[in-house]
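Asker: The chain contents come next:
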Amino acid sequence: MTSLAPSEVARIRSRFAARSHSRTFWIAWWAAAIAGELLALRPFITGPVDGIGVVFALVGGSFCAFGLIAWHRRPDSRSGALMTATGFLFFAAPVLGPLEAPLAFTVYVLVVDLWIFPFVALLLTFLTAGRLQPGVDRWLVASFALPVIVLQAAWLLTADLVDGTDLTGKNLLLVFPDADFAHQIDRLQRGSLALLGAVTVVVILARWLRASGPRRRALLPSLAGAFALACFAALLVNDLISGTRSQFLLWCAACSLVAVPAAFLAGLLRSRLARGGLADLVRDLGSAHGADLERVLARTLGDPELRVAYWLPEYDAYADADGQPVELPEPGGDLAVAPVERDGRQIAVLVHDASLDDDPELLEAVTAAAAIALENAHLHAESAARLADLRASRERIVSAGDAERRRLERDLHDGAQQRLVAISLQLRLLQNRLRDDPSAEQLVTTASEELARSLAELRELARGIHPAVLEHGLAAALDGLAARSTVPATVSYEADGRLPEQVELAAYFVACEALANVSKYAQANSVSMRVQRTNGLATIEIADDGVGGADDSLGSGLRGLADRVEALDGRLRVVSPPGGGTTVSAELPCGS
Amino acid sequence: MRVVIADDNLLVRKGIVALLGEAGFEVSAEAGTAAELLDAVDADAPDIAIVDIRMPPTQTEEGLVAAHAIRARHPGVAIVVLSSHVEHGVATRVLAEDPAGLGYLLKDRVTDLDDFAGTLRRVAAGGTALDPLVVSRLLDAGDDDGPLQTLTPREREVLQLLAEGCSNPGIAERTGITRRSAEKHVSSIFAKLGLPDTGTEDRRVLAVLRYLQSA
Chain F
1 MTSLAPSEVA RIRSRFAARS HSRTFWIAWW AAAIAGELLA LRPFITGPVD GIGVVFALVG
61 GSFCAFGLIA WHRRPDSRSG ALMTATGFLF FAAPVLGPLE APLAFTVYVL VVDLWIFPFV
121 ALLLTFLTAG RLQPGVDRWL VASFALPVIV LQAAWLLTAD LVDGTDLTGK NLLLVFPDAD
181 FAHQIDRLQR GSLALLGAVT VVVILARWLR ASGPRRRALL PSLAGAFALA CFAALLVNDL
241 ISGTRSQFLL WCAACSLVAV PAAFLAGLLR SRLARGGLAD LVRDLGSAHG ADLERVLART
301 LGDPELRVAY WLPEYDAYAD ADGQPVELPE PGGDLAVAPV ERDGRQIAVL VHDASLDDDP
361 ELLEAVTAAA AIALENAHLH AESAARLADL RASRERIVSA GDAERRRLER DLHDGAQQRL
421 VAISLQLRLL QNRLRDDPSA EQLVTTASEE LARSLAELRE LARGIHPAVL EHGLAAALDG
481 LAARSTVPAT VSYEADGRLP EQVELAAYFV ACEALANVSK YAQANSVSMR VQRTNGLATI
541 EIADDGVGGA DDSLGSGLRG LADRVEALDG RLRVVSPPGG GTTVSAELPC GS
Chain P
1 MRVVIADDNL LVRKGIVALL GEAGFEVSAE AGTAAELLDA VDADAPDIAI VDIRMPPTQT
61 EEGLVAAHAI RARHPGVAIV VLSSHVEHGV ATRVLAEDPA GLGYLLKDRV TDLDDFAGTL
121 RRVAAGGTAL DPLVVSRLLD AGDDDGPLQT LTPREREVLQ LLAEGCSNPG IAERTGITRR
181 SAEKHVSSIF AKLGLPDTGT EDRRVLAVLR YLQSA
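Keeping their order, the protein sequence lines are chains F and P.
Mapping the first sequence onto the working numbering, position 229 (from 1) lands on 229, and the numbers just tick up by one.
Mapping the second sequence onto the working numbering, position 59 (from 1) lands on 59, and the numbers just tick up by one.
With the rest of the complex left out, here is chain F (with noise of 0.2 Å):
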């Protein structure tokens, strides 16, 4: 497998983007396509069969033909598109050669070897989808410009093609007329555009041996192209060195070329790609993460027993999707290894059955799209860490809070209560020496009152801010609710030993706002508590046989609760349809 670069990223999501064109466009594209061939034909139709000339003017019918039906069936590679630019810029020579207007012969001249850039395009292109990459590929097409660009252009301003021999017709644009220098540009142009093509060809060939097996397969379209490119290069050293046109060579260029589309489109329809596979795979791939992306991955890719193996490079290792350690096959065996990468790192492998690489078009394509995939879970895993770290810092606002009321409660009995309790004691012992001093000692009297009514008002107070009651536990915590509801309560603690602090807390204050509810809003008759503590879930249940049709306004102390309940992950749910009671329940999740 080559490496992932960015742009390859980038190639594989526009493909998710391949827009399917209206039937008014394929007729469009055809009827030229036809009207293209016809009139290359027109010579051989009304005048004398060439048949060199009959398979040239075949060639862009059949890059066109062909092209079209692989641009329709493969609307995710742009082969098929390079193969109709290729067949419609072939035309040029048979459709405008045979015209002897000035202006047709110049603009025939000027264009007739446009071909070759959509032609090498495509052959060094076929793995990529059609897509130029960076650097030998786009130098490679860029250095044609030279001969078929510049040089044609050079040498159309100083050659007299009056009498041509290969080409004949006024040159419009022949402003310097210079034979020699001419035929030297000439002889420069077919010589550049031979050693560019034998270029291209070793390039082609180059990668064809360093391939493995499956990929040498796949790689056969863009060889045949290549064995075409070399026919034309041979065909020009040719021409340089002896003067003549070798017929065999010609013969050999033009059926390689006729040949070349009906090769890339069979490549093109051999890859499962073809059969829709990537459109599900784009579909899926859109929410697939973790355990997923390995299931859709392996359903695109036809491979049950695939895996993802997540590469961990702090730990030096690869792992699952559940931090599971991966060992990755010995090359060679039964399974192989597609490395995916994102900005030129490797962050995970494929690891597949080995009849994969039979296919690697649809292979390179699937761990691209297993990049971005990997992004989109990337960015899924950092906010649900940040969803996490929100959670627990909203309980740690909550336990913050409710560890200051406890606090300032254990102040206020050790403190100021013990203080007070210390001080009547006091009076007590006082008032009994003042035994002789009545008027003092109903003083005394009266500061001792006083000081017990201040004593049961701190007691309430410490009671608000933190129900002391708590310490011996949720039971009897709920008994005393129970004790004091005005509406009769019964309690049903069904959970063995004590919950964790804050469940405790939290479902007693959701015990206290739904009993208040009760006697202010219910009519009830009854109500009972029930705490249960199942599979590490606390439940408490307030229920009454009240009136029922509990509305939002009612709630709005639960509703504050509700905040409480979730900062401790868990859910608060009120049920009160109208005349059949209210439910009130809370889940807090409390460990195992």
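Read the hints as simulated data drawn from the structure, not as lab findings.
Since no wrong hints were added, every one of them can be taken at face value.
EDC-like cross-link-like pairs, simulated, lysine to aspartate or glutamate; straight-line CA separation at most 20 Å:
hint: 1; chain 1: P; residue 1: Lys-184; chain 2: P; residue 2: Glu-173
hint: 2; chain 1: P; residue 1: Lys-192; chain 2: P; residue 2: Glu-157
hint: 3; chain 1: P; residue 1: Lys-192; chain 2: P; residue 2: Glu-155
hint: 4; chain 1: F; residue 1: Lys-170; chain 2: F; residue 2: Asp-160
hint: 5; chain 1: P; residue 1: Lys-14; chain 2: F; residue 2: Asp-414
hint: 6; chain 1: F; residue 1: Lys-520; chain 2: P; residue 2: Asp-140
Since this is a predicted model, take the numbers as computed values, not measurements.
Following the hints, position chain P against chain F.
Answerer: Chain P alone, transformed into the frame defined by chain F:
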């Protein structure tokens, strides 16, 4: 009568010690923690132990735990649990197993020395004492339509004292009625509430408490 006092607040402890001394009690030991309390009781079993519910280290219910330990090791030692706040739920827990010789009171009650001394003697003699605040809260919250509504004001007053652990003579003394009419009121209350009159005073407390709790 020999008393052990456990309270981590020195001022309060000394105050109680001084008051009880004036009331004629012999304070045989003082403790600032539950451990000291247990050591003191183990060393020289008193007639009664007065225990603050909140003590170090956690300041939650060390006193209750210590009370249970004393009850298990020295069943003869009466215990009065003091607290800055009283809760009905805690009361049932304190008295649940065997209410004889147990008391659960607000700490403030100590200042009403005569009452407190009486309570201590009653509990030491095997009686039961429950803070009036617990009982009055239960009475206030009671069912509006239930049998409690059939009680006369006098009977409600007697019920309150009954629940606090007063004996029939105690009720007579506190309400200023004759012992005989106190007995009649108690029988009437038990009949109206449908409770079996078990006879023993500590059981009566628990019966009334359970009744009020479910009312």
